[in-house]
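Enquirer: Residues per chain, in single letters:
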Amino acid sequence: MRRLLRIALLLPLLALGFPVQAQVPFGQASGVKEGLEIGTSTSEIAITSDFRGADLTIFGALTNADELFLAIGQYDVVVTLEGPKDYATVRKKERVFGIWMNTEGMTFEQVPESYSLASTRMIDSIDEAPSLNNIGVGIDHLALNPVGYIPDSGMIGEFRDAYRRLKLTNGLYQRDTSGVRFVSSSLFRASLKLPANIPDGMHMVRAYLFKSGQLITQREMPLRVVKTGIEQAITDAAHDRPIAYGFLCVLIAIITGWGASIVFRKD
Amino acid sequence: MTVYLPIAELSVNIFIILGMGAAVGFLSGMFGVGGGFLITPLLIFYNIPPVVAVATGANQVVASSISGAITHFRRGTLDMKLGSVLLVGGLAGATAGVWVFSWLRRIGQLDLFISLLYVVLLSSIGALMLQESVRAMRRAKNNNPLPVKRPGQHNWVHRLPLKMRFKKSKIYLSAIPVVGLGFGIGVLTSIMGVGGGFIMVPAMIYLLRIPTNVVVGTSLFQIIFVTAYTTMVQAATNYSVDIVLATILMVAGVIGAQYGVRVGQKLRGEQLRALLALLVLAVGIRLAVGLIVTPSDVYSVAVGGMSY
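Line by line, the protein sequences are chains A and B. Quick note, the first sequence lines up with residues 1 to 267 if you use the numbering used here. Quick note, the second sequence lines up with residues 268 to 575 if you use the numbering used here.
Since the hints were made in silico from the structure, they are not lab data. Nothing false has been slipped in among the hints.
Interface residues of chain B toward chain A, partial, derived using beta-carbon atoms under 7 Å:
no.: 1; residue: Val329
no.: 2; residue: Ala502
no.: 3; residue: Tyr566
no.: 4; residue: Val568
no.: 5; residue: Gly571
A virtual CB, placed ideally from N, CA and C, is assigned to each residue, including glycine.
If we strip away everything but chain A, and leave its shape as in the complex, we get (with noise of 0.2 Å):
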């Protein structure tokens, strides 16, 4: 089952950029700096145990921006939802004696458990590479940075490639180069996908507008995700008393021995 998390924000529509802005004469510099505003009608989203991903729709509004470069595609949104942050582990498997072991292993510092990615196109047509390493943004620019020392910088570019491609096989990381639509002139509606093993935590929406490739401005609103239910408040009870849990496992055990050996006495 696919349940349509749909989010959406009642934008205040454009009202005020427009007048000022369209007798500003083309090719100059507006006085105003282009605006970005986003939303969601909610900070936090519930997850229940019959989870199977989602949807997750952002809506935002360009303000003050430039008739002119609207209307020849000048300008880029990208939003991404980004998980909240961990150390994560790569190992490779080599052949050793005939058997496959892992042999290696590269550690990064703090990196987003999960990431969704929403642009209006290929982010790589966006942006420069540079530019979009500089600030983090896309599956590919996210900065993978092994801790310690790795002497082999080969083995870091062949390690951060294996981290992108299993974290996107695995739903976790994902990318829709055209998730972000605009509905009207200025106003754009993002889809992010929300992988049903999303994990718990803060999560971080993050909207970015390019304008004829150069990152103007961004916007940020943090997204509560809770998990809710049984499943929850197990996993939770075994993180939070591992002592009480561990004997309930047991007790249940005993239950279950004792009372099949009296349900199925013979005697």
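Since the structure of chain A is already known, use the hints to place chain B on it.
Expert: Just chain B now, kept in the frame of chain A:
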């Protein structure tokens, strides 16, 4: 119908887990084994993370061993003193095992180690059992009686110091091999998620020369406490006991076991042992294949650092 396993963090088909539990319960009732050495590899084949499979397997053994232990306790075929000495070693072994388990997990070699240990143990024990049962079947066919071992025959084990008297078993035996055996089984319990009866029972009979009538009850006594202890320690250190998975397996297992016992009583001992041996070998081979076959992806990713 799918059910979400909160600790394994994946959704599974509840009927597959129920079937697995019932089948292993059936076999464990039929052969009189705890079933941990079957349930843990089966869970791993079903993509349950080995960390969770092992800890949950230990929990499941508590349930499957308890009714047997109660029966032996009622009949009085249980040597409490011997069991307690075994238990001292078992608890120490389980503690050491969990420590090794956490360390292997940290360096990324846990899955390999669990598989290797299973392959070595299952294939050697399966081969030994098969050999023994085939010999017994041939003997039965030729109508040759079993060569009776002379009572009082001693081996090196009986020359060790620190001797203790075990009244119920009617033996006078050094505590060292008993504690040592318990320790070894305890380590296996926490690393492999097994009760270890399939090793402990032959070791007690052939190595320690403990009378067979108390062996099974005493080993079950030790297994219950060691597996219960391991469940607690695994829950406290690795957070890897899945209560939902364990409950489904246990309920299906104890019911399956009741039917297994009935079928087991109709089959002959050596045939039963040959069947079990083949099963053990098959699981071992399947795990060995998994180690040798080229994995679909040589890379894997895990949340968390190798060392902090």
